[in-house]
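Numbering (numbering that gives the first Met the number 0) for the sequence shown: 0 to 259.
Among the hints, erroneous ones may be present.
[Unchecked claim] Just the calculated beta-carbon pair ranges, DEER-fashion: (1) Glu173 - His9: 24 to 32 Å; (2) Asp247 - Ala107: 19 to 27 Å; (3) Arg205 - Glu73: 34 to 42 Å.
[To be verified] Below, simulated DSSO-like cross-link-like pairs (lysine-lysine); rule was C-alpha separation at most 30 Å, straight line: (4) Lys18 - Lys57; (5) Lys18 - Lys93; (6) Lys57 - Lys93; (7) Lys93 - Lys62.
Derived by calculation from the structure, the hints in this document are not laboratory data. Given the structure is predicted, the values throughout are model-derived calculations rather than measurements. Even glycine gets a Cβ: it sits at the ideal position worked out from N, Cα and C.
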Amino acid sequence: MTILDQLAAHARERVARAKERAPLGAVRRAAESLERGDFPFERALSGPGISFICECKKASPSKGLIAPDFPYLEIARDYAAAGAEAVSVLTEPKWFLGSDRYLAEIAAAIPLPCLRKDFTVDPYMVYEAKALGAAAVLLICSILDEGALREMLALADALGLTALVEAHDEGEIETALRAGARVIGVNNRNLRDFSVDAGNSGRLRRLVPPEVRFVSESGVRTPEDAAAARAMGADAVLVGEALMRAPDRRAMLARLRGQV
Numbered sequence: 000m001t002i003l004d005q006l007a008a009h010a011r012e013r014v015a016r017a018k019e020r021a022p023l024g025a026v027r028r029a030a031e032s033l034e035r036g037d038f039p040f041e042r043a044l045s046g047p048g049i050s051f052i053c054e055c056k057k058a059s060p061s062k063g064l065i066a067p068d069f070p071y072l073e074i075a076r077d078y079a080a081a082g083a084e085a086v087s088v089l090t091e092p093k094w095f096l097g098s099d100r101y102l103a104e105i106a107a108a109i110p111l112p113c114l115r116k117d118f119t120v121d122p123y124m125v126y127e128a129k130a131l132g133a134a135a136v137l138l139i140c141s142i143l144d145e146g147a148l149r150e151m152l153a154l155a156d157a158l159g160l161t162a163l164v165e166a167h168d169e170g171e172i173e174t175a176l177r178a179g180a181r182v183i184g185v186n187n188r189n190l191r192d193f194s195v196d197a198g199n200s201g202r203l204r205r206l207v208p209p210e211v212r213f214v215s216e217s218g219v220r221t222p223e224d225a226a227a228a229r230a231m232g233a234d235a236v237l238v239g240e241a242l243m244r245a246p247d248r249r250a251m252l253a254r255l256r257g258q259v
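Produce the complete structure using the sequences and hints provided.
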């Protein structure tokens, strides 16, 4: 099994345990009791210039422990103060050391829309994302067949959540578009072997029509990387490790924007 296969399998185990603690009906009612909203994550990626989705991430399978001290609320507030358009919060607990609690507390503490960054394998997790305060949910083509992708896109839409549909190759871009994705992210990191190809977004950008928001994920470490994403026509970049390792996150975001 690849790491991605393991991540998906563990997500299914997590869902099974979660349903024992809180049945689907209860989580659905909690999600549906909240205001539907007007897709603030999607709107955040639609402004002029390139938008920055800044990530709160303690660890990863490829890099191990990134932030031994993880003051997640301080990190999220730094991103908000530095002008980030959105925040991505890892909730996967085993390999990324994430937590649903991080998402719930961050979403309540800052005015920015939050993405639940997890390996969504069941509609239950979409309801969870809404109940936790997320404005967006990640749907990864590599672990969802087209039917499941369509189902979860429709559910996210009904709940007022933006679905960031992640693709890695031409076939997955086609699947995402057929399923009705309005926001597509191209991951420059191959989740099967964790190699990074910074040119992947550039090769696939031409396949995504201009009315669909395009996000370049992974591999943005320098102002030059961000400028290259802007030049290829990306609407947004998702930046994690470069910000998490920076001694001054606000200054680092300003550098990535080309402001210093």
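Review point. Which hints from the list above does the structure break, by number from lowest to highest?
Key: none
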